[in-house]
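Trainee: Sequence:
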Amino acid sequence: MPSIRIPASGRTLVAHLSAYGLALVLDLAGDDAFVSHDPDSLELEPIVHTPLAVDAVAQRIRTAALDCESIVEADLVPGKTGNDRRPVIWARATRLDRAQAALSCREALLDDAQDVASGIPISLVVGLGAPAAWIGDKPHRGASRLDGVMGNHTSDFVRGALRGSRRAAEAVTAERLVSSADATYDKTGWCPPGTQVPLSLQWLAGLGLGLLPVGLDGVATARTPATSATRPQFVTLPVFASAVSVPRLRAVLQSIELAPGPGGEEPAAAARLRALGVQELVRFAKVDESNPQSVRFHFARGEVIRL
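Residue numbers (my numbering): 1 to 307.
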């Protein structure tokens, strides 16, 4: 089966999320898609396997980006420019006294998105998290605990990362999809500072949030891999030596065995992960640089954990 190697190191969180996003795009379009990692590479590059030709895969990405245009570009107050724009799908970062109106706008967008056959827009919004009214006074934590507010209160993940990368994905070609030639500085925060990643991959990584279980406080059975209340500073993702389907990948990402016990990986948990096809894990440390005025973080290069 043909395969597409993600042109980014598997020791960066953005590479794994972009593979998840690409697999999700294909899966929701009705195409076969499987995810694995290069077992012979020290960088563990993610690989997406699909019977489609690369040209057809690039077309699927362009279509998904077009499907998401209106939902990504929608503002709470139309007509604003620059830092005055407040994205509807980032409504959870709105002040609590305006949260009800923001939530209504967000729900209206989701109602419209029901008509999009691919399902990609809804998956994107779900992955981005809940409005502030749902999670108290910490809206920056997000549903997946990965989509923090970039920079200060005038910046956010949608304007800082998604809008520009979506436009790049709308124009992606087969050549650009498998090359890092047009890489630019990462805007997602899922890499060490200064890392260069193609914008189209940053867009796919944003879509990849839709495969992760949410991580809201107080919901013990639904949280991003290994970001439990006791260890919120790490994200741990699986490495597969052989290709797994999107449903299998989703099931593994929801597995409680990804979160280590007090003394590290317990033998029984490691055995269950191996039974699910997981060869090893990559753990990414969250480096929090937030202050009272802003929320900013990034993820360090991953540490490989043998099972």
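Bear in mind the hints are in silico, worked out from the structure with no lab data behind them.
Treat the hints with caution; some may be incorrect.
What the hints assert, rightly or not - Quick list of simulated restraints, FRET-style, between CB atoms:
#1 R5 - R301: 14 to 20 Å
#2 D55 - S104: 39 to 45 Å
#3 G82 - P39: 43 to 49 Å
#4 Q233 - T184: 40 to 46 Å
#5 R301 - D40: 39 to 45 Å
#6 A300 - P2: 14 to 20 Å
#7 N291 - T184: 55 to 61 Å
#8 E303 - S255: 26 to 32 Å
A virtual CB, placed ideally from N, CA and C, is assigned to each residue, including glycine.
Trainee: The structure should be examined with respect to each hint, and the outcome stated for every one.
Mentor: Checked hints:
1. A hinted range of 14 to 20 Å holds for the C-beta pair R5 and R301, which are about 19 Å apart.
2. In this structure, D55 and S104 meet the distance hint of 39 to 45 Å, their C-beta atoms being roughly 41 Å apart.
3. Distance hint for G82 and P39: a CB-CB separation of about 47 Å, consistent with the stated range 43 to 49 Å.
4. As the Cβ distance of Q233 to T184 is approximately 28 Å, the hint placing it in 40 to 46 Å is violated.
5. At about 19 Å, the CB distance of R301 to D40 disagrees with the hint of 39 to 45 Å.
6. Between A300 and P2 the C-beta distance comes to about 33 Å, which lies outside the given range of 14 to 20 Å.
7. For N291 paired with T184, a C-beta distance near 26 Å fails the hint of 55 to 61 Å.
8. Between E303 and S255 the beta carbons are some 19 Å apart, a value that contradicts the proposed interval 26 to 32 Å.
Violated hints, in rising order: 4, 5, 6, 7 and 8; the structure is consistent with all others.
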